[in-house]
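Undergrad: Protein chains in written order, with our numbering: chain V, 12 to 350; chain S, 7 to 848.
FYI, nobody ran anything at the bench for these hints, they're computed from the structure. Glycine is no exception: its CB is placed at the ideal position from the N, C-alpha and C atoms. Please note that a few of the clues may not be correct.
Using C-beta positions, here's what the derived DEER-type ranges look like [unchecked claim]:
| id | chain 1 | residue 1 | chain 2 | residue 2 | range |
| --- | --- | --- | --- | --- | --- |
| 1 | V | Leu-333 | S | Leu-74 | 33 to 39 Å |
| 2 | V | Arg-90 | S | Gly-431 | 54 to 60 Å |
| 3 | V | Leu-52 | S | Gly-293 | 35 to 41 Å |
| 4 | V | Gly-106 | S | Val-56 | 41 to 47 Å |
| 5 | V | Val-61 | S | Gly-33 | 56 to 62 Å |
| 6 | S | Asp-654 | V | Val-61 | 22 to 28 Å |
| 7 | V | Leu-52 | S | Gly-431 | 44 to 50 Å |
Just so you have them, the derived chain V footprint on chain S, three or more residues with Cβ under 8 Å [to be verified]:
| id | region |
| --- | --- |
| 8 | 155 to 161 |
| 9 | 324 to 330 |
| 10 | 387 to 397 |
| 11 | 460 to 467 |
These are the residues of each chain, in order.
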Amino acid sequence: MPALLILVLITALAGCSGSHSILDPAGPAARDVAWLWWAMLIGFGLVFLVVVALWLAAFRPRDRAERSPGQPDTYDVERRQGLRWILGGGILLPGVTILVLLAFGVPAGQRLMPLPLPGGETPRVIEVTGHQWWWEVRYPDGAGEVVTANHLVMPAGEPVDFHVTGADVIHAFWVPRLGGKIDMIPGRINRIRLQADRPGVFGAQCAEYCGVQHAHMQLHLEAVPPEDFGAWLAARRDAEPESPALDDQHASARDSFTANCASCHRVAGLSEGEIGPDLSDIGARATLGAGTLAMEEGAIARWLAEHQHLKPGNRMPAHDHLALEDLEALGAWLETLRP
Amino acid sequence: MSESMRTTPEVERLHSELSAVWGNPRGWRGVFSVVNHSTLGLRFMATGLVFFLLGGVLAMLIRTQLALPDQDFMPPEIYAQVTTMHGTVMMFLFAIPMLEGLAIYLIPKMIGARDLVCPRLTAFGYWCYLFGGIILFASLLLEMAPDSGWFMYTPLSSSEFAPGPGSDFWLLGITFVEISALSAGVELTVSILRTRAPGMALHRMPLFAWYILAMSLMIVVGFPPLILGSVLLELERAAGMPFFTVAGGGDPILWQHLFWLFGHPEVYIIFLPAAGIVSTLVPVFAGRPIIGYGWVVSAIVITGFISFGLWVHHMFTVGIPQLAQAFFSAASMLVAVPTAIQVFVWLATLWLGRPRMSLPMLWITGFLVIFVCGGLTGVMLALVPFNWQVHDTHFVVAHMHYVLVGGMFFPLLAGAYYWLPLVTGRMPSERLGRLGFWLTFLGFNLTFLIMHWTGLLGMPRRIYTYDSAMGWDLYNLISSIGGFMMAAGIAAVLVDLVVHGRYGRRAPHNPWGADTLEWSLAMPPPNYNFASLPRVESRHPLWENPTLGDEIARGEHARPGAAHGRRELLGSEALTGRVREVIHLPGNSLLPLFAALCLAVVCVGLLMRIYPLSLVGLAGAGVLLLRWSWENGGHSRAAPLGHNDPEDPPLHSRTADGPGRWTMGVALLADGAFFLALLFGWFYLWTVSPQWQMPDQSPLSLPLLLASGAALTLGTLWLERRVAALRRGHEAGLTLVLSAIAALGGLHVALLVAALLAAGLEPTATAHDATLLVGLAYLLVHGGLAAILIALQACRAGLGLVGARLPFEPGVVALLWRYQLGVFWILSAAIALLPRLTGAGS
Numbered sequence: 012m013p014a015l016l017i018l019v020l021i022t023a024l025a026g027c028s029g030s031h032s033i034l035d036p037a038g039p040a041a042r043d044v045a046w047l048w049w050a051m052l053i054g055f056g057l058v059f060l061v062v063v064a065l066w067l068a069a070f071r072p073r074d075r076a077e078r079s080p081g082q083p084d085t086y087d088v089e090r091r092q093g094l095r096w097i098l099g100g101g102i103l104l105p106g107v108t109i110l111v112l113l114a115f116g117v118p119a120g121q122r123l124m125p126l127p128l129p130g131g132e133t134p135r136v137i138e139v140t141g142h143q144w145w146w147e148v149r150y151p152d153g154a155g156e157v158v159t160a161n162h163l164v165m166p167a168g169e170p171v172d173f174h175v176t177g178a179d180v181i182h183a184f185w186v187p188r189l190g191g192k193i194d195m196i197p198g199r200i201n202r203i204r205l206q207a208d209r210p211g212v213f214g215a216q217c218a219e220y221c222g223v224q225h226a227h228m229q230l231h232l233e234a235v236p237p238e239d240f241g242a243w244l245a246a247r248r249d250a251e252p253e254s255p256a257l258d259d260q261h262a263s264a265r266d267s268f269t270a271n272c273a274s275c276h277r278v279a280g281l282s283e284g285e286i287g288p289d290l291s292d293i294g295a296r297a298t299l300g301a302g303t304l305a306m307e308e309g310a311i312a313r314w315l316a317e318h319q320h321l322k323p324g325n326r327m328p329a330h331d332h333l334a335l336e337d338l339e340a341l342g343a344w345l346e347t348l349r350p
Numbered sequence: 007m008s009e010s011m012r013t014t015p016e017v018e019r020l021h022s023e024l025s026a027v028w029g030n031p032r033g034w035r036g037v038f039s040v041v042n043h044s045t046l047g048l049r050f051m052a053t054g055l056v057f058f059l060l061g062g063v064l065a066m067l068i069r070t071q072l073a074l075p076d077q078d079f080m081p082p083e084i085y086a087q088v089t090t091m092h093g094t095v096m097m098f099l100f101a102i103p104m105l106e107g108l109a110i111y112l113i114p115k116m117i118g119a120r121d122l123v124c125p126r127l128t129a130f131g132y133w134c135y136l137f138g139g140i141i142l143f144a145s146l147l148l149e150m151a152p153d154s155g156w157f158m159y160t161p162l163s164s165s166e167f168a169p170g171p172g173s174d175f176w177l178l179g180i181t182f183v184e185i186s187a188l189s190a191g192v193e194l195t196v197s198i199l200r201t202r203a204p205g206m207a208l209h210r211m212p213l214f215a216w217y218i219l220a221m222s223l224m225i226v227v228g229f230p231p232l233i234l235g236s237v238l239l240e241l242e243r244a245a246g247m248p249f250f251t252v253a254g255g256g257d258p259i260l261w262q263h264l265f266w267l268f269g270h271p272e273v274y275i276i277f278l279p280a281a282g283i284v285s286t287l288v289p290v291f292a293g294r295p296i297i298g299y300g301w302v303v304s305a306i307v308i309t310g311f312i313s314f315g316l317w318v319h320h321m322f323t324v325g326i327p328q329l330a331q332a333f334f335s336a337a338s339m340l341v342a343v344p345t346a347i348q349v350f351v352w353l354a355t356l357w358l359g360r361p362r363m364s365l366p367m368l369w370i371t372g373f374l375v376i377f378v379c380g381g382l383t384g385v386m387l388a389l390v391p392f393n394w395q396v397h398d399t400h401f402v403v404a405h406m407h408y409v410l411v412g413g414m415f416f417p418l419l420a421g422a423y424y425w426l427p428l429v430t431g432r433m434p435s436e437r438l439g440r441l442g443f444w445l446t447f448l449g450f451n452l453t454f455l456i457m458h459w460t461g462l463l464g465m466p467r468r469i470y471t472y473d474s475a476m477g478w479d480l481y482n483l484i485s486s487i488g489g490f491m492m493a494a495g496i497a498a499v500l501v502d503l504v505v506h507g508r509y510g511r512r513a514p515h516n517p518w519g520a521d522t523l524e525w526s527l528a529m530p531p532p533n534y535n536f537a538s539l540p541r542v543e544s545r546h547p548l549w550e551n552p553t554l555g556d557e558i559a560r561g562e563h564a565r566p567g568a569a570h571g572r573r574e575l576l577g578s579e580a581l582t583g584r585v586r587e588v589i590h591l592p593g594n595s596l597l598p599l600f601a602a603l604c605l606a607v608v609c610v611g612l613l614m615r616i617y618p619l620s621l622v623g624l625a626g627a628g629v630l631l632l633r634w635s636w637e638n639g640g641h642s643r644a645a646p647l648g649h650n651d652p653e654d655p656p657l658h659s660r661t662a663d664g665p666g667r668w669t670m671g672v673a674l675l676a677d678g679a680f681f682l683a684l685l686f687g688w689f690y691l692w693t694v695s696p697q698w699q700m701p702d703q704s705p706l707s708l709p710l711l712l713a714s715g716a717a718l719t720l721g722t723l724w725l726e727r728r729v730a731a732l733r734r735g736h737e738a739g740l741t742l743v744l745s746a747i748a749a750l751g752g753l754h755v756a757l758l759v760a761a762l763l764a765a766g767l768e769p770t771a772t773a774h775d776a777t778l779l780v781g782l783a784y785l786l787v788h789g790g791l792a793a794i795l796i797a798l799q800a801c802r803a804g805l806g807l808v809g810a811r812l813p814f815e816p817g818v819v820a821l822l823w824r825y826q827l828g829v830f831w832i833l834s835a836a837i838a839l840l841p842r843l844t845g846a847g848s
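Chain V extracted, bound-state conformation (with noise of 0.2 Å):
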C-alpha cells in the first residue's frame, strides 16, 4: 500500500505540467495558489498523519493494570487528561491552523483583485463574453471593432483586467495557469486580473457548468509580448474588410455565406450577425468549435458537416440542406480568412 502510494505520487509529480494544471503557474496569482496548496498539502498530510496514528495507537494492546477502578482520583486524573486533549487537539490545533491560513491565504487573494495599480495606472481591459458554447471577447483599445471568438490575445508581462459577464446562463471564466476563475453571469459584469509572465499558450475553460455542451467551451489564450500585441492590435482594427473584389475563386462560397451564415455570423466588412462566434478570422484559430476540433485543412469543412454530431446539441443547425462540395468550398473560403 504505501509502495503503491509512493508510485501513484511519483507518477503524479511527473504528471504536474498540463494546459489546464493548476500546479503549472505561469503567473503570479497562480503562482501563489500553488504555494498555498504545497505548503497546505504538507502542513495538513502531517495533522493527518497524527490523528491517525494516535486514532491507531488507541488500539495498541495496553496493561492498564496500574489503574485500578478503586483508586479515589482516578476521575479527577481522567477529567484532566481528557481536558488536555480536548483542548489540544479541538481547539489549540484547528485555532494556530486557521491563523496561519489566513494570515497567508488573505494577501494572495488580493492579487486577483482588480485594485489600483502602484503606479496609479490602469490595466488594459480585456471583456469575454460566455455564450451557450464560445467564448466572445472584445478589446476595447480596439476601438469595439476587433472581436475574437474562442480564441483570446492578451500581453504577456503586465497585469490585465477582465470584465466578464454572461450571454445566456451563467459561465466560469477560468485560465487555470494563470489563476483563479469568476463567474460570468448574465446582466452583472464581473472583474478579474490575471497577468502571464512570459508570452505563451494557456488552456482556459468555461468552469461553471452551462449546460449540456459545458465540456466543449474552452478558449484558447494566447500571451504574445506587449509589443507585438500592440501590433496585432493594430493590425487587427485596421485591417481591410473582407472585400467582394479581392478574388473570384471563392465567390460562390462568399455567396453562399451571405445566404445562409451571415444572419448568425459576423466576418468584418461582410456581414453583421452576432447570434453566433465572430468569424472574421476564423482562419487564423487554433480550434473549431471551443475546442471540439483541431485547425488543419480541411477542419472547417468537416466542421461544417458534422459539428452535431462532434459537439451535440450545439446552438447551430445541421446544415442537410446544403450539399457537400459546398459545405467544403466554404471551408475552403473560411480557411483564407486570417487578417
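Given the coordinates of chain V, work out where chain S should sit on it, guided by the hints.
TA: Coordinates of chain S only, in the frame set by chain V:
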C-alpha cells in the same frame, strides 16, 4: 431475555394487552395504515437503501463514461441527466431520509418512549417521501430527468434554457420530499424535548439524541429556504414570474443564495447524525463513558449555529464583496473547531478506555481516516484564493465525497452493523463484513484520493468527455477502477445484511455491552418498545443497572399495560425530565396515506400542466388534513377515555400545554424560516438585483391593509383573552366567541383579498409585482387557515370536544393567530410602508 421473562400469567397479560393496543393491523390495511415508529423507521431506511442503490448505479454509469477519454458510452444529454440525478438522489432520497429513518426508529427507544409524539405525521412523512421519490425517479425512466446539475442554478434551469419538464420534476419532487423531512424534523424535535423518560434531564440524554435534536432543528430552519426557492422557480417556469430573470428585475444569484442557505446546513444535517453514531459507538467499544460530554454538546450546538453562517463559501466565485468573502472564509474555517473537538473527544475516550476493534469500530475507523482528510481539504477550500482555483473542479468533487461518504456513509454502516442485532435478533457475519469493509474502503480511496489530483490538473466537474491531450486519462481510469471496487464492497455488505437475517447466529442480549436504553428491549423490540416506562437518572442506565430490561418487561416501572385501551406515553418537562402528563397517541389511520396521495395528485397535475387536477388534489389534501386534525383531543377515536386514576398525571388533552402546542410551535419555526427567506428575497432583489424596478407609488392600498390588520389584531387579542379564560375554567359562550373570532379572521382575509385586487399587480411583468403577489398569497393562506381552524374549534366547542375540561386545542390554534399577527405586520411594513418611507421608486 424476553422469552424467558414472560413466564408468569400476569406478565403474559401485560404484553398481550399492550400488543392489542399498539399492534400493527394485519394484511393490506396494515401496510397502508401503520403509524408505528419502528415499522416506519425501517420502511424509511429500506426505501432509502433502494434509492442508494439506484444512485449508485448512476455513479457507475458516470465512472464508465469518464474511464477513458473521448468515450461514446452516453450521449451528453443523458450524461447531464445522470449526473444531476446522481447528486439529487444521493442527497435528497438517500442521505437525509436514511438518517431520518434511523432517528425515527431509534429515538423513542433511546429516550424511553413508546412512540414518537405525532405517529400519523410519521406515516404522512413516509408516504410523501415515497411518492416524491417515485415521481422524481420516474423522470429518469421517461428520459425527461432534470439536467441542470443537482443545484439547479438559474437561468440554466429556467424555462428558456430547460424547456422540458425536467426542472419541474426536480422542483416538485424535491419539495414533496422536503415536506417529509420537515415532518420528521418537527416531530423528532418535540419528541426529544417532551417525551423523555422520567428523570432523563437534558444533561442525562444520550448524545445521539442531542445530535438528532440539532439535526431536526436544522431541518426545521434549513429546508424552508429551498422550499421557497423551489416555489419561486416553479412560479417563474409555470407562470412566467421573473424572480430570477434579470430583464424582469429578478436576479439569478437569488436562487444561489436560497439554495445554499439550505445547502450548507444540509451538509451538517447529514453529518451530525452520523457523528452521533460515532459518539454513541466509541464509548461502547472503548468500554467507558465518553470524555467531555459537555464539550460534545457544545460542539453540536456551535456547529448548528455556524453552519447557517457559511453558505456563501459555495459562491466565492460569484463576485461578492471582499469583506463578505473574508467573513465567510473565516466562518468556514471556524467550523473546523467544533469538529476537531469531537475528533479529539473520541480520541481521548479511546485512549482512556480499552477499545476493541469490532466490526462496527472498523467502519468507524474508516470514517475517521476519510473524514479527517475531507475535513482538511474543506479548510483548504475555505481559503478564498485556493477556492478560486479549484472551485467547480474534480478537486471539489473529491472533497465532497470524502466529507459525505466518509462523514455519513461509513458511520451509517457502523451503525447498521451495531444496531442490526437489535432489529433482527441476529449477528452479522464478521468475515463477510470485513471483506466488505476493506473493498469499500480501498475502492473509495482509490476513486477519490486520485480525483483531488485530477482536479488540480484542471479537470472541471460535470464534463461528459475530455481530450486525451489533457493528461487526465490515467487518473480517471484509476478512479473508475476504484469506483467498481467500492461497488463490489457494497455488494458484499448487502449480501451480509440480507443473509444474516436468516443464517446469522442468534444475538445474545445487549451483545456489545452498550449503555443506552434501546438495548434493554427485546430483540427485535415489540411495537410498544417498553412494557413499563423506566425512570432514568443516569447517562448510562444499562451500565448502572444491567437487569433494567427484565424489570421493564415484567412491568415493574411506570404505566404498565394498556387496560384503558389508550396508546400512552409519559410527557416530561423539556429541561428536567419531570413527568408532566400522560400523552395519549392516535392509533393506525389511513388518513396520512390519502393526504399524501392527494399531494401526489397536485404534483402530477402541475407536472402535466393540468392545473384543475392540482386544485382538486389540493382541496382533497386540505379536507383530509382537517379531518385528521378533527380526530384529536377528546374525539372518541383519538382517545378512548377509560379510567384514569386521580393521582395519575393528567391526560395531555386535559392540560393547556401538551405536546401539540409544542408541535405547532416548532412547525411555526419552520414557517418562520420560510417567511424570513421570503423577506430576504424581497430585500435582496430590492437592493442587489441589477435591473430592479420599483414603482413610483406602491400599488398596495394602505387603508385596506390597515383595516385587514386591525381585524386580525382584534381577533388575536380576543382569542388570547378567551384562551386564558378557558384555562381558568370559564367556558360559557365559548362557541359564540370562537365563531365571532373566526368571522374576524374571515374579514381579515376578505380585506386582504380586496387589497390584492385593488393593487392590480402585473406579476409576469416585474419581479417587484411577483414578489408582492407571493407575499400577499402567503398572508392569505395563513389567514385563511387561521380562520378555518378557529371555526372548527367553534364547532368542537359546540360538540363538547373543547371546553373547560378539554382546554387544550384553542391554545394551539392561538399560536397560529399570534404568528399570523407577527408576519402580517412585518410583511406589510416591508412591502407597503418601507418603499413609501424611502421613496424608493423615485
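Undergrad: Does each hint hold? Answer for all of them.
TA: Results of checking the hints against the structure:
A beta carbon spacing of about 34 Å between V:Leu-333 and S:Leu-74 agrees with the range 33 to 39 Å that was offered as a hint. A hinted range of 54 to 60 Å is violated for the C-beta pair V:Arg-90 and S:Gly-431, which are about 39 Å apart. For V:Leu-52 and S:Gly-293, the hinted distance range of 35 to 41 Å is satisfied, since their beta carbons lie about 37 Å from each other. About 44 Å separates the C-beta atoms of V:Gly-106 and S:Val-56, a value consistent with the hinted range of 41 to 47 Å.
For V:Val-61 and S:Gly-33, the hinted distance range of 56 to 62 Å is satisfied, since their beta carbons lie about 59 Å from each other. A C-beta distance of roughly 57 Å is found between S:Asp-654 and V:Val-61, which places it outside the suggested range of 22 to 28 Å. Separation of V:Leu-52 from S:Gly-431 is about 48 Å and conforms to the stated range, judged on CB atoms against 44 to 50 Å. By the rule of at least three residues with a Cβ nearer than 8 Å to a Cβ of chain V, the coverage given for the region 155 to 161 of chain S holds, with 3 such residues.
With 3 residues having a Cβ less than 8 Å from any Cβ of chain V, the region 324 to 330 of chain S passes the three-residue criterion, so the hint holds. Taking a C-beta to C-beta cut-off of 8 Å, the region 387 to 397 of chain S contributes 9 residues in contact with chain V, enough for the three needed, and the coverage statement holds. A count of 6 residues in the region 460 to 467 of chain S with a Cβ less than 8 Å from any Cβ of chain V is obtained; the coverage claim is therefore met, three being the minimum.
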